Each structure stands twice: as structure tokens, then as C-alpha cells.
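Asker: Sequence:
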Amino acid sequence: MKRARPERPMTLRRWLPAFLTLMPLSAQAHTGVVPPTGFAQGLLHPLTGLDHLLAALGVGLWATLQHPAARRHLPWIFLSALLVGLPLGFAWPTPVAPAGTLASVLLLGIALMLTLRPPAAFSLLLVVLLGLVHGHVHGTELSPGANLPYVTGLMASTALLTATGYATGRWLQQRQATAAFRYAGLVSIVSMAALLF
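Under mature numbering (1 follows the signal peptide of the UniProt record, and there is no 0), read the sequence shown as residues -29 to -1, 1 to 168, first letter to last.
No lab work stands behind these hints: they were computed from the structure. Mixed in with the good hints, there may be bad ones.
Derived CB-CB ranges, DEER-like [stated by the list, open to error]:
id: 1; residue 1: Pro115; residue 2: Ala165; range: 17 to 27 Å
id: 2; residue 1: Val161; residue 2: Phe93; range: 20 to 30 Å
id: 3; residue 1: Thr86; residue 2: Pro120; range: 35 to 45 Å
id: 4; residue 1: Ala40; residue 2: Ala134; range: 18 to 28 Å
id: 5; residue 1: Gln145; residue 2: Ala62; range: 17 to 27 Å
id: 6; residue 1: Ala11; residue 2: Pro90; range: 32 to 42 Å
id: 7; residue 1: Ala138; residue 2: Thr86; range: 11 to 21 Å
Please read all numbers here as calculations on a predicted model, not as lab measurements. Beta carbons are placed, not taken as given, at the ideal position from N, Cα and C, and that holds for glycine.
Required output: the full structure, derived from the provided sequences and hints.
Answerer: Right, dumping it as C-alpha cells:
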């Protein structure tokens, strides 16, 4: 009888190319040239903006590493903070907000790479800041009127990405693939550092 082959360990050579393949070709979707208005634009925006994509997926992934008391709350708190940030960005736009989104994803990438599990209050604070900053940037892109379809699509797509990150994180935990979280964080760090510098 043949022995079952032992499961191969998670290695950088196996996982990093997979994460890099999933990265979109566009660097950012926050161009601000054409004001977004439609549902389809809102639905596609998180998928075409690298910063928003990594933020939504990263929050879901990182949430699974946290204490059970905060784990299930972090995704919806992130979405709520993003929704609150939208009118703030519309009312008080600032030119430094895009840099803030990159810095926030960079910070999240570091937390993922180090598999940080801080006190629940700190993790909640980080997720709230992420949501507010990203919501603020999207709010600066809105035009007066006809924004409800865009916001609906944006929130639906972001919720789906965050849920995907959370489900992926739980799947990785079941397989004790802690290294995959580190490589996901590394991809976020490298991507955001490239855009910042």
C-alpha cells in the first residue's frame, strides 16, 4: 500500500505568483476626470482600482486573524465607515486623500504580513480609519445628483470583495496556511510602496 504524500508546505514560490496574478493591471481608479454616476461604474470601481481592491480583500483577510469578539464585526464596520466617509469627501474634499488611501493599505499590508492580532479596540480603530479614508476619496469623485446608483454598486462590490477576503481567510486558517497571509500582506506593501514612491 502506498503511503499518502504529505501535504506540501505553503511556500513563497507557490503563493506569491498566484497573488500577483490576481492583481489588476490598472494602478488606481481614482482619476477624478469623469464623475461616476451609474450602477455599473460603482460595481466595477473596486475591481479596477488596486488600492480599493487590496483594501476590501485585505480587511476581510485580516479580520479572520483577530479575536473572536471582533472578527465578525470588522467587515461590516469597514463598510459602514466607508459609507460615512462618502458624504464627508463630497462636502470637504482634500488633495491629500488619495495618498491617505495608499498609506492606509500599506499599513494594512504590514498588519497582514506580521499577522498582527492587536486588542479588539485597536483593530476596530484601524478598520474604521480605512473605511473613512477610502469613503472620503470616493466622495470627492461624486457629482451633485444621480449618485445613488453609483454608491449602491460601489457598496455592493466592496461588500462582495470583503466577504471574499473573509471566506478566503477562514479557508486558509482551516488549512493552517498562515504563510499565505504574510504573502498577501507583502503583495499589498510592494504594490502601495510602488505607487507612493
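Asker: Output the numbers, in ascending order, of every earlier hint that fails for this structure.
Answerer: 1, 5
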